[in-house]
Structure formats: C-alpha cells, structure tokens
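*Asks:* Based on the hints, put chains C and H in the right spot on chain E.
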Amino acid sequence: MFIRGMVKGLSVTLKHFVQSYLGHTGIRDGQRPDPTLGGFFTVQYPEEKLPMFPRFRGALMHLRDPETGEPNCTACNLCVRACPQQCIEVEGEGKGKERKVTAYRYDLARCIFCRLCVESCNFNAIELSQEYELSTYSRDMVWDLEKLLALGDQYGVHETGKAW
Amino acid sequence: MLKTETITLNLGPQHPSTHGVFRLKLQLDGEAVRDLEPVMGYLHRGIEKLSEERTYVQVVPLTDRLDYVCSMTNNQAYAIAVEKMAGIEVPERAEYIRVIMAEFTRIINHLMAVGFLWNELGAYFTPVVYCFRERERVLDLFEMTCGSRMMCNYMRPGGVSVDLPEGFIPQAKKLNDHLKTFVDELDRLLSENEIFLSRAVNVGVLPADVAINASITGPMLRASGVLYDIRKVDHYSIYDRFDFEVPTCEHGDVWDRYYQHILEMYQSVRIIDQALDGIPQGEVMNKAAAKATRRPPEGEAYGRIESPKGELSFYVVSDGSGNPYRLRIRPPSMINLSALKEMCQGHKIQDIVIILGSVNLTMADLDR
Amino acid sequence: MEFVRDLFVNIGAWFSGWLGGFLPAWAVTLIMGLIGVIILVVIGLSSVLVLTLGERKVIGRIQDRPGPNRWGPFGIFQPVADGIKMLTKEDIVPRGADYWMHLLAPIIIIVPALLIYAVLPFGAGVRGTDLNIGILYIVALGSIGTVAILMAGWSSNNKYALLGAFRVVAQLISYEIPMVLSIVAVVLLSGSMSMVKIVESQTVPYIVAMPMVFLVYLVSAFAELYRAPFDMIEADSELVAGYFTEYSGMKFVMFFMAEYINLMAMSAIITTLFLGGWRFLGVERLLPLLSPFIFFAKCGAMIFLFWWVRGTFPRIRIDHLLALAWKFLVPLALVNLMIVGLVDKLVEGALLTGVVLLVANIVEVVIVLAILSLVGHKTRSKRLQRITARPR
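Residue numbers (the numbering used here), protein chains in the order written: chain E, 1 to 164; chain C, 1 to 368; chain H, 1 to 392.
The hints are simulated quantities; they were obtained by calculation from the structure and are not laboratory data. Built from N, CA and C at the ideal position, the CB exists for glycine as well. Don't take each hint at face value.
[Said to hold, decoys possible] Covered by chain C, per the in silico footprint, the following chain H stretches (three or more residues, Cβ under 8 Å):
| no. | segment |
| --- | --- |
| 1 | 61 to 75 |
| 2 | 308 to 319 |
[Unchecked claim] Not the full set, but computed from the structure, chain E residues with beta-carbon under 7 Å of chain C:
| no. | residue |
| --- | --- |
| 3 | Gly9 |
| 4 | Thr36 |
| 5 | Phe56 |
| 6 | Cys114 |
[Claimed, not checked] Derived lysine to aspartate or glutamate pairs resembling DMTMM-like cross-links, with alpha carbons at most 20 Å apart:
| no. | chain 1 | residue 1 | chain 2 | residue 2 |
| --- | --- | --- | --- | --- |
| 7 | E | Lys49 | C | Glu136 |
| 8 | C | Lys348 | C | Glu37 |
| 9 | E | Lys8 | C | Glu192 |
| 10 | H | Lys159 | C | Glu5 |
| 11 | C | Lys348 | H | Asp231 |
| 12 | E | Lys8 | C | Glu185 |
| 13 | E | Lys8 | C | Glu194 |
| 14 | E | Lys15 | C | Glu192 |
| 15 | C | Lys348 | H | Glu234 |
| 16 | E | Lys15 | C | Asp184 |
| 17 | C | Lys180 | E | Asp34 |
| 18 | C | Lys173 | C | Glu136 |
| 19 | C | Lys348 | H | Asp319 |
| 20 | C | Lys173 | E | Asp34 |
| 21 | E | Lys100 | E | Glu70 |
| 22 | H | Lys159 | C | Asp29 |
| 23 | E | Lys8 | C | Asp184 |
| 24 | C | Lys287 | E | Glu119 |
| 25 | E | Lys147 | E | Glu89 |
The following block holds chain E by itself, in its conformation from the complex (with noise of 0.2 Å):
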C-alpha cells in the first residue's frame, strides 16, 4: 500500500498520545524510573526532584572524624597536585601528625567534578557531595573551609568512597 509507511509512524504516535495519559514514568519510592514503563516522561521540577544515586558526582564537601568534630584534613597537598584544573589552594600548620589544615580554597567555577582529588587523599578527608543547584547571583564562587565542612555536616558522610 502506497501510504503504508506514513500510516505506521501515525499508529506510534496515537500510541504515545494515548500512553501519556494513561502511564507515568514517574518518581517511585524515591528511585530513578524504571526502564521499560511508558507513558508520560517529565519530572516536574522543581516541585519533584530525581533522586541521585549515591556514587553522583556533585560538589566537593570535607569530611570531619565523628569523635573528636575535627576536620580529617592534613593540609598534605595531595589533591592539589591531582586536580586537573588546580582550583585547589591548601594552607596548613603543624608538623608530622599534628599538621592539620588552617585554610581551604576551592574555586567552584574552575572545577570539573572529576573526583581525582578525592582519590588522591589518604586521609579520608574530601568526598563529592549530592549538591548541583549550585548556581549563584554574584562571582564568589570560592569555597572556604566553613562552607565545605557544612556540606559535608549537612550531607551526614564520614567515610570516603562509602557509597563506592
């Protein structure tokens, strides 16, 4: 038949019009959609948000020791050296075991969310946290100790690479 085709791709998209109202690939128990539902596919952000999983690559956060409330880094440079855009700058105080860190700067506009820093650190100090609505009205997107040891308050992470 000479409008076979055309009538084929016609019985798709009634199919989809039809599946949208009766079908939601929507938001279930908190976890991402399944794959193989149908139907209507948006997320109505930002009344619903899609849950991350748990390995998503946000923001950078510190970690602090659950004990003693002190932040776990050592100032030791480590991170610095494995970020491939440098948006690190790290000040520290102490020798030895005592050494710990005194400033943190983190430019949040140059950072990629590689996470070769946080597999860099031998001290359990950093980890990416789930934060992506990181956008901000003014240009100081330099993070400093305060704010990262909050996130990572706020996120409730001790340990790196847990959900790794």
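*Replies:* Showing chains C and H alone in chain E's frame:
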C-alpha cells in the same frame, strides 16, 4: 546564452541545524549547490596542547570532552594507547565492563544521530524526544556506575576506575531487552515513511571508492558497502569472544546511512547480552598501572578503536617524564566531513542540510 | 422546554422580536447584523487562543511531555502570556521597504480568513448567513490570502524573503486546483453551492460515499494551510528565509493568527462538505440545540488530525511538493470528477448513488495503486525489501 551568476550564501556558525558551531559557505545557482567550503575551528579548545601539561591520569577527564556524546569510548581509546605504550595488562572483568559500556555508548550515539537527522528533515522533534528518552535510561546506568552521565572519566589506563554497583547487571539486562523493542518501534515509526524515502533515497550518495580514498570510517563507510570494522580487524579488547555481525548497506545515500545506524544498534544489543551473561568476577584495575603511568618509559604508541562515529585513535608520545610529550587525536568527525563536497554535488539547499545531518558530526570532536 | 430545544435560534428570534417592538425594521436588521458579525469575529479570534494552546499540548502529549502547564491549570493562560509577549515587541519597518504595503499585508491576510466564517453553518439555523453561492464565496476568499503573501515578501526589501514568498505562492496556487475540483465533485452530487443545502443533502456523509475525493481535498488542505508536511516556509533549518522575516511584534502575530483562523475555517469546511456538518444520525432533528456541539466535535476531530500529522511527519521538498500537486493530484481529481459525474447521471436515488460511488472509489484506489507500482519506485521497493529481510 543567459549570463547567470551564483549567489554566495552563508550557513552561518549559529544555525539550528549545523550540530554545533560550524560554518559552511555555499555557492548557489538558483537552488542547486555548485560549491561549498566549510569553515571549522569555532569550538577549538586546544585539548592536545592542554594535555601536555597534565599527567597521564589527568588527561582522562579531558578526553571525556572530545566527543561529549560518547565519552566512554574516548576514554577507552586513550586508555588503549597508553596501555600499549607502557605495557600494562588489563584484568578480564575490566575488559568485560569496557565492552558493555562501549556498546551502550554506541547505542546512545546512534540514537542521537537518528533523532537529529529527523529533526533536520522537519519532523518537529518527535523522533528526537523518543530517542532521548531511551538515552536518558542508558545515562541513568552510567550515572549509577561512575557518578556522572556524560563526563564519565571511567576507563583509565589499566582498567576501569571502580567496579560496577550492585544493581547494575539486572538493570542493564532489563534495559537491554527494552532497547530491542524500542529499536523495533523506531524502525516502525521511521524507516518506511514515504516522505522520508522520497527525500533520502539517492541523495548524498558516497561511492565506496571515494569513501576509501577520503579515509572515511565508521557507519558512513559501512553504509557505502565497505566491510571494515576495527573491532573485527584489530581484535582489540575482547571482542573476539562475542558473536556479532557487521552490517553493511549498498548505496551510500542518506537512507542507507540512517538504516546503518539502526542495524548497528541491533548488533550492539546482542553484544551487551552476551557480555552481561559472561562477565567474570575479579579486580577491575591493574595495581601496577598507577606506577607505570606515573613515569612511563620513553616511547610512542598508536591506539585506535571503533568509536560510534568512526575510527578514533590516539597517538601518544612519551619522553620519560610524567606528562605526555605529544598527544595527537584523529577525529572521526573531521575526516568524515572531508567528503562533503563530493556528496553534495548537484543537490539543493534542503538536501545539504540532511546530508550534513547524516554524517553524524559532533563539533567538539571535529575541532577538539 | 420548546424554547430550550432549539436554543440559539430561539434566542435570536426573541431578541429581534424585542428590538422590533421599539425600532424600525431597518434598525433591527442592522443591529442583528452587527451582533452577528461580532459573534463570528469573536469565534474566529478565540479559535486562535484555543488552537495554539491545544496544538502545543497535543504535540507535547505525542512526545510524552505535558505541553505548557505553568500558566494556569492545564496551561489555559498560556495564550495570554504569548499575547503579552508579542505586544511588548518593537515594531520595526526595514529601511527601503514600501511602508504602506508592509502595513497592509498582515491586514489583507487576516480579513479574508475571518470573512469565511460568515457562511459556515455551525448548526441547524445557527449561521451567519446562507448565501446560495456559499462555497464559491469561500474559494474566492481563499485566493486573496495569496496576494497578501506576495505583498509581504515584496515589501520587505529582502531578496530572500521574496524568494520565500515566491515558493509559498507557488505552493498555494498549485494546490488550489485539486481543491476546487474536489469541491466541484461535492457540488455536483449535492446539487447546490449553498453550504446549508450541502449538509442537508448528505443522507450518507460524502466521506463514506467518495473517500478518494476526500483524500484529495485533505492533502490539498494540508498544503493550503502550509502545515506539516508542507511547511517548508516555517522551517528553521532551511536557509531561504520566510516571507515574514522582516516582520515583528503585532504584525508578525497577524500572520500566525491568520494561519490558525484558516485552520479552524478549513476544518469547518471539511466538516460541512464531507463529514455531514451538524448532522449525526438524526439527533439534530430531535434536539437542534445539540447541533453546534456536534459540528464542533467533528471540527475538533479534523483539527486533531492536523495536529497528529504535524507531530509525526517530516517535510516534503519543494519540487516534490509541486510535482505531487500537478502530476498526481490534478489528474486524480479530474478522474474523480468524471466518476462522480457519471454515477450521478446514471444512478437514481441517494442511497444507491452512495453505494455505487463507494464501489467506484474502491476500484479507483486499486487502479491507482497498480499504476503507481508499475510506474516504478523500484529503488524504494528495494529498500523496503531490505527492511523486511532484516534478521530479527
């Protein structure tokens, strides 16, 4: 005799259908195109130069951004080149994971190619939305594994960076079965459409000898009838253990290039099925790799793979220090574009747009 | 109860009776005419509001997404937002453009579209007027829009806009011929050019009696409305700019409003000519109140078809488009006309005529398919073999 002039028209860098920033200077005689000259370089970011200042592991996030649609295969090509140069072995489980991720990447690239070809034909985004919906599901798998949907930074020299999470294999199997039915549905929606047939058959024909002379690789070459797939020729990774065919089409026009993408998606689904069934346990990263890539011995290596767009290869030269001395990338999109003038002879403007769409470019790959 | 049974006609009669109580006859006619005009223009312009939103929602649903749903529940204030956006744009007239033609082109394209609503029969007795040359009036008005497009292209002082205008005009005038020939077939069968009499003579709707004529008319309607798959003027992936490139603000809105007003009018014409107008299995004689609803329901089905096709098909190239009109549709329309004429003359009785026509149309479809497969889309059939031979 009539004295006619040709008009010079500029398909400018900002245009909805040039797949990124790409400029095309056309000489038109009425509607027919007499000559065309592409102007490239609007998206050049100097990745080859930047990589000379970074260590071998720090280059991997840079290679993600080469062809942002298929970041896993870019990582794989670089990893294979460095492994050849430094003599690193890859554990078996890592090879299986690499094959699974590479074939999923092939599927998502072909979905995007088909979707955007139809967007240029004027189908008002419906095939785009269907293809991208399936693409989202595959990207969910990538996010589950490595934390990021597009800039994966996953395949490192020596293996892969982390092991698969727990729910990956059942989810991947479910998705794979669903993709098979989806490609059937896409075929039903698109392939036999008479309007598409009248617009795409015998348009933009690329003869096989022209394609071979122009070093074209990938689906474009196979659509012209040449059976050349680097997975079968080079036997890299563990593709020899899987049973799959390499489809070809005969005529090399736009319809054949579109149908080639559909056929290759079926073969990728087959490979993923076999890989998911046979994946062994084990470690995923060679422990000696970190030391070997810190300061590899002097030498050079050429590593190539069959990326979804064609032959993607890295030529890595090391001078004994921790940074690569030179990293040369062979971009499949740029080489595939070189035959554009031959393909577009005598066609009209509306055809140029769909021929450009059927070449399946990503400007980031072309300009690096 | 009697009053409600034929509500719209009775309200009109009551109102003109009340006015006649204290006004002379000519004033009553004038006022009733003005009210009719206002109602029809409101129907025409509000169809734009409903159709733009409906199109975006239906095409969205085809693509598994909701369409506009931020402004108001189900997005019903979205057209208001679009209108406010359009009104706040600057009105630019290019230098060197012919100012009066530039100003008149949007007006000339929208006024004939609105004038068509005067003869459309929305229900039993619910209409603007019943001209006895109704369908001829509609065909004549449809041609004026073509002139407006040429004016728009010419007055923009932009050679690409002019080329775009030439293409659109070529498309529009090519497809008027099969359209008019199909209309002649309908007029032949119903015996009158008046829209009301065409509806009244459809004991069996003409889509059932002569589906080939309906198909030819449908394809021509898609092209006349420059909608998908014939919408290369709106294509943003084409290089040659459309005729409305140099327009902005309210004038630009007029061109798009004209497209949607034409869409509603064309659906109404198709409903009248082929689907049986306001009639539905005799319900409209029991309860004439329902007849406008039946009419708009059928119109809605046609409009849904237009939206459905837009969401599915790619564009046709300009040379294929013109070849389709001249080489395929015109001969087909002439053959249809011949068949209808023969059957109408030889067969007596409405029902028998319908059945014979249906059989004749089916025979015609078979013959056309046979000719097409012989004429040779050999390359295409090889590709189709490729598809069916694919290993599953």
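*Asks:* Give a verdict on every hint.
*Replies:* Evaluation of the provided hints:
1. 61 to 75: holds (count 4)
2. 308 to 319: holds (count 10)
3. Gly9: E:Gly9 check passes; min Cβ-Cβ to chain C is 5 Å, inside 7 Å.
4. Thr36: Nearest chain C Cβ about 5 Å off; hint holds.
5. Phe56: holds (5 Å)
6. Cys114: holds (4 Å)
7. E:Lys49 to C:Glu136: With Cα atoms ~15 Å apart, E:Lys49 and C:Glu136 stay inside 20 Å; holds.
8. C:Lys348 to C:Glu37: At roughly 15 Å apart (the allowed maximum being 20 Å), C:Glu37 and C:Lys348 satisfy the hint.
9. E:Lys8 to C:Glu192: holds (8 Å)
10. H:Lys159 to C:Glu5: This hinted pair holds, its Cα atoms lying about 15 Å apart.
11. C:Lys348 to H:Asp231: Holds, at about 17 Å.
12. E:Lys8 to C:Glu185: With Cα atoms ~10 Å apart, E:Lys8 and C:Glu185 stay inside 20 Å; holds.
13. E:Lys8 to C:Glu194: It holds: about 11 Å lies between the C-alpha atoms, which stays within 20 Å.
14. E:Lys15 to C:Glu192: holds (18 Å)
15. C:Lys348 to H:Glu234: holds (18 Å)
16. E:Lys15 to C:Asp184: holds (14 Å)
17. C:Lys180 to E:Asp34: Satisfied, since the Cα-Cα distance of roughly 16 Å is no more than 20 Å.
18. C:Lys173 to C:Glu136: Distance of about 16 Å is within 20 Å: holds.
19. C:Lys348 to H:Asp319: holds (10 Å)
20. C:Lys173 to E:Asp34: Between C:Lys173 and E:Asp34 the Cα gap is close to 12 Å, so the pair holds against 20 Å.
21. E:Lys100 to E:Glu70: holds (9 Å)
22. H:Lys159 to C:Asp29: The hint holds at about 15 Å.
23. E:Lys8 to C:Asp184: holds (12 Å)
24. C:Lys287 to E:Glu119: Between C:Lys287 and E:Glu119 the Cα gap is close to 14 Å, so the pair holds against 20 Å.
25. E:Lys147 to E:Glu89: Holds, because 15 Å separates the two Cα atoms, which is no more than 20 Å.
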